[in-house]
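*Asks:* Here the protein sequences come in this chain order: C and Y. Numbered by my numbering, the letters in the first sequence go through residues 1 to 118 in order. Numbered by my numbering, the letters in the second sequence go through residues 1001 to 1113 in order.
What the hints contain is simulated information worked out from the structure, not anything from laboratory work. The reader is advised that the hints may include incorrect statements.
Unchecked claim - As a list, the in silico DMTMM-like pairs of lysine to aspartate or glutamate whose alpha-carbon atoms are at most 25 angstroms apart: (1) K1058(Y) x D1(C); (2) K1058(Y) x E1020(Y); (3) K1105(Y) x E106(C).
To be verified - What follows is a set of in silico ranges between Cβ atoms, one per label pair, in the way DEER data are often shown: (4) P54(C) x G1028(Y): 43 to 53 angstroms; (5) D56(C) x H1007(Y): 23 to 33 angstroms; (6) G1053(Y) x Q80(C): 39 to 49 angstroms; (7) S1052(Y) x T7(C): 31 to 41 angstroms; (8) P81(C) x S1003(Y): 27 to 37 angstroms; (9) S1018(Y) x P81(C): 45 to 55 angstroms; (10) S1014(Y) x P81(C): 16 to 26 angstroms; (11) Q1096(Y) x P54(C): 18 to 28 angstroms.
Note that CB positions come from ideal geometry on N, CA and C, so glycine has one too.
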Amino acid sequence: DARVTQTPRHKVTEMGQEVTMRCQPILGHNTVFWYRQTMMQGLELLAYFRNRAPLDDSGMPKDRFSAEMPDATLATLKIQPSEPRDSAVYFCASGLVLGREGTGNEQFFGPGTRLTVL
Amino acid sequence: AQSVSQHNHHVILSEAASLELGCNYSYGGTVNLFWYVQYPGQHLQLLLKYFSGDPLVKGIKGFEAEFIKSKFSFNLRKPSVQWSDTAEYFCAVNAQGYSTLTFGKGTMLLVSP
């Protein structure tokens, strides 16, 4: 049963520290998405990649957030320095987006990383 | 840009009651539509999806949704809810030509035994 995996599942850190979250997409999926979920804002798209290339990261605060895909089996989301307002659940999702226009298909979500910044 | 509106933030029902959760989207072109469910402390899971064809789609766990193009709606229904249906439900739309999904704010459903 193919699944998206994320590590760590929980992270508690102090303000100013660097946080790195990792995601392993489903093998064969060509698109990876990073979301942030909070009570106030709901589910927000931070960034996404197609075939490891970043397509859109306009949802991310550029000064402190960065997202990369070092290879097809690993996506990372880094926050440096972290702030209390970054406390949220961060979800990674992957999907197989086909066609020249790139119309999306269903996305498969990982279990999330619950981040608490003190 | 497309947007998704879910009318009810919280719904409370007793077991065996019927459920209908509203979802409207704004986009004039072709869309794919999804309902996801998030059980407490878990990740989002796909309930059902509509791409084309029969506008009444059936998903897992007895859920169904009807796409009404003229109303830009994709409401989720279940004839008889169970306590285990307690969860948050998200409607999402993918517009043709876009790779991303736009999610609604979610509806929290609480089913009392």
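*Asks:* Next step is simple, just say for each hint if it's right about the structure.
*Replies:* Tested hints:
With a C-alpha separation of about 22 angstroms, the suggested pair K1058(Y) and D1(C) falls inside the 25 angstroms cut-off, and the hint holds. Note on K1058(Y) and E1020(Y): the hinted pairing holds, with a Cα-Cα distance of about 14 angstroms set against a maximum of 25 angstroms. Note on K1105(Y) and E106(C): the hinted pairing holds, with a Cα-Cα distance of about 18 angstroms set against a maximum of 25 angstroms. With their beta carbons about 29 angstroms apart, P54(C) and G1028(Y) fall outside the hinted range of 43 to 53 angstroms.
Here the CB-CB span from D56(C) to H1007(Y) is close to 29 angstroms, well matched to the stated 23 to 33 angstroms. Checking the proposed 39 to 49 angstroms range against G1053(Y) and Q80(C) shows it holds: the Cβ atoms sit about 47 angstroms from each other. About 37 angstroms separates the C-beta atoms of S1052(Y) and T7(C), a value consistent with the hinted range of 31 to 41 angstroms. Distance hint for P81(C) and S1003(Y): a CB-CB separation of about 33 angstroms, consistent with the stated range 27 to 37 angstroms.
At roughly 50 angstroms, the beta-carbon separation of S1018(Y) and P81(C) lies within the given 45 to 55 angstroms, and the hint holds. Restraint check, S1014(Y) to P81(C): a C-beta distance of roughly 48 angstroms breaks the suggested window 16 to 26 angstroms. Hint check: Q1096(Y) to P54(C), Cβ distance near 22 angstroms, so the stated range 18 to 28 angstroms holds.
Of the numbered hints given earlier, the model fails hints 4 and 10; all others are met.
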